[in-house]
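J.: Those protein sequences? They're chains A and B, same order as listed.
Take the first sequence: its letter number 40 is residue 40 in UniProt numbering, and every next letter is one higher.
Take the second sequence: its letter number 208 is residue 208 in UniProt numbering, and every next letter is one higher.
Since the hints were derived computationally from the structure, they do not count as laboratory data.
Be aware that a few hints might be false.
Said to hold, decoys possible - In silico SDA-like pairs for lysine to any residue, Cα to Cα no more than 20 Å straight-line:
{"id": "1", "chain 1": "B", "residue 1": "88", "chain 2": "A", "residue 2": "235"}
{"id": "2", "chain 1": "B", "residue 1": "133", "chain 2": "A", "residue 2": "228"}
{"id": "3", "chain 1": "B", "residue 1": "88", "chain 2": "B", "residue 2": "139"}
{"id": "4", "chain 1": "B", "residue 1": "78", "chain 2": "A", "residue 2": "243"}
{"id": "5", "chain 1": "B", "residue 1": "133", "chain 2": "A", "residue 2": "343"}
{"id": "6", "chain 1": "B", "residue 1": "156", "chain 2": "B", "residue 2": "185"}
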Amino acid sequence: MEAASIPAGPPASQRVKQLIGTYGLTAVLLIMPVWFAIQDLTDEGNLVRLGENLVAGLSNGAIWALVAIGYTLVYGIVELINFAHGEIFMIGSFISASLIVTLGLTVDSAAVPVFFGLLAALLLAMIGSGTLNVLIERVAYRPLRSAPKLAPLITAVGMSFILQNVGLLWKGGNQQGVPDLLNAQNTLFTVFGVTIENADVLSVVVTIPLLIVMTSFINRSRLGKAMRATAQDPEAARLMGINVDTTISLTFLLGGMLAGAAGLIYAMYQTTIWFFQGFTGGLIAFTAAVMGGIGNLRGAVLGGLIIGFIQQMSDNRIGTEWTPAIVFGYLVLIMVFKPSGLLGEQTRDAG
Amino acid sequence: MSFLKVEDIHTYYGNIQALKGISLTVEQGECVTLIGSNGAGKSTTLRSISGLTPARTGTITLDGEEITHLPAQEITGKGIAQSPEGRKCFQRMTVRENLELGAYLRRDSSQIQTDLQRVFELFPRLDERQAQKAGTMSGGEQQMLAIGRALMADPKVLLLDEPSMGISPVLTERIYETIAEINQQGMTILLVEQNANFALDVSKRAYVLETGKVAMTDNSDTLRTNPDVQKAYLGT
Ligand SMILES: Nc1ncnc2c1ncn2[C@@H]1O[C@H](COP(=O)(O)OP(=O)(O)OP(=O)(O)O)[C@@H](O)[C@H]1O
Ligand SMILES: [Mg+2]
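Isolated chain B, as found in the complex:
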């Protein structure tokens, strides 16, 4: 029984079908990547898991419990946190308030403080900018904030949607080092990336999505040497 299991989900935006039967699994402590070109359905897969755009058919289970049709806020309560596409930080709130909202459902205030310190260790920049309004931070800083905010939920599974989007190569490398570190500390991660180089480095396995379907799945190392993948997603 896989920890996170997505089985044959079909997801629609109104009448537009975005996912046409996606199945995937993530084991506890594993880091898995979804790659695919624009519009392949990567974000929609994450949105179906987190409940923002529920799947119309198919099932999603977390640790054996079905969560397919739960509302998004309850899925968060079950232990799935997402750093969404476009970051979606609360622009008029401070960095600290954003992080505190990440822990909205938690009551263990001393543990929350410990996790806050842990996020500040992972992203020292956030520590320096605690009192700054999120909306005035740079894109990279907001990306760190979105990841830190998701970590503050103390999730069982962390969903990351394109953490490198709009960020310089140097900062991307730093963010991926941090993602690897979070994964080594035991966090289960499902990662979406278009720019697949770094993502394949930190993940053990990957799925390639094309027009709402899984086109290929394998170990990251094997996919990296696949000529089609190299041509389409690695720019080599």
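If we strip away everything but chain A, and leave its shape as in the complex, we get:
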């Protein structure tokens, strides 16, 4: 006596589209690396250049992934695009840079103070960005929770501009240099001729543990379960005894903390910061979240990495002026075949 029946197969046209959706997309995503691999092999006889693109793509993509998670977590729980999230990332960079300068760390500082200085900067950026994100929710989104969806959307845009102006007042309108503590461009070691720079290592060493801690927190901990329950049905969550307000604050805190960490990595990697980095960076990370399937944590990471790879290959081989067009070209392609994104799940809206 099976109550749940097996769904009938979709019609042929649908199935073809699904096949294109899964295999076609993988193929499309592989076009660039495969093409460049062939080029490298014929021109140089090795894959060093492609390898270097991929390494740089990975370490840049990790930054976008960290920021993208904040968009996706918040969207999952309150169905709001937090347009101020890019600025949270920018503030993370500013906090890190200021602390490093305050501590008096420079390129010439010894390894031990640099290590502890960066650790302190990481913690402070995470705490600062996380707290700021919680405050924004409290002030600009929570009072509008039962208002029409457009209302918090427009306050989000407003918060984004306000924070940009805070950045402008804080560090001025020009790009600001950050002491290159890590000697970011320095080759740490080479693997099969591919150089790995200090900044690449920083990016991976910070990002991977954060991702592991974050996913296991959300999947296993009691509060993580409360987050997922609230995202799926806030009213039912309240009936379970979950404090929805606290849970939403927690979500903003976690998203903000990851953006703060991304801010530190970015500052160390680029060694320049400016008030507008949150706008461009936020847009890229938001694209990553949509590409991966907004609301899906792994999707955000995947989207971030894919965009990182595309950017580096395009910057290095096609020309930086083409990069945004190529990134968004990919986004459009993916959306056409998978409207809910690569790993998209149904959200409350859609389901």
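Given the structure of chain A, go ahead and fit chain B with the ligands onto it with the hints provided.
T.: Below, chain B with the ligands alone, put in the same frame as chain A:
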């Protein structure tokens, strides 16, 4: 002093008044039914008790303690669990995760395991489907899950909103047998039902709601023989 006491509550959705002075009582260990046609205010009464749509005026007390204006999550903590209208299972979580969330506020993990086994005994289907996502289960299975999830809170009072909605007559009968069993084990139950036959069987007393007011209240057996009730709610 009644265990659950609702006194003259008025509840609104924005400007729309849904309840116009409802009073009712439920004694410890009792099973009480609310019947009434569509829009009479049955669900709103339960939502006022559980805090999802708090009453604007009037008072609700549980075991002598006023809970009228507590937030929903704290009312759950006081011992009122609800299987809501439309079931509201967490669709993308497994059956087991749903049940575990029912016990969200509890810390007594060994007792939680015992209660989990008890829910599986009451609803063997849930035991078989532990790892299935709630959203892929049939309506009847989700109804069992919603009731089981409410039981996992180990509540003092269980609120059930239309457990027969969208379910075959055979399964409805099974669910009502289970409700009777839960009540016999000592659970206090406030039940809402449109399809009143089964509900009047398991409950001792019932209230008839009409447009936000209590139109009638009596023992279930007496109401069952009332010609007006028979015509309006028993389909005879
Ligand atoms: N979210 C809401 N917003 C506005 N009005 C509502 C809302 N929910 C219920 N109402 C109104 O409140 C009144 C009582 O509704 P309620 O859901 O309590 O009825 P009910 O007795 O449970 O009916 P049913 O048997 O159809 O579930 C109805 O007039 C309904 O239209
Ligand atoms: Mg109802």
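J.: Evaluate each hint against the coordinates.
T.: Structure-based check of each hint:
no.: 1; hint: B:88 x A:235; verdict: holds, 8 Å
no.: 2; hint: B:133 x A:228; verdict: holds, 14 Å
no.: 3; hint: B:88 x B:139; verdict: holds, 11 Å
no.: 4; hint: B:78 x A:243; verdict: holds, 14 Å
no.: 5; hint: B:133 x A:343; verdict: holds, 17 Å
no.: 6; hint: B:156 x B:185; verdict: holds, 12 Å
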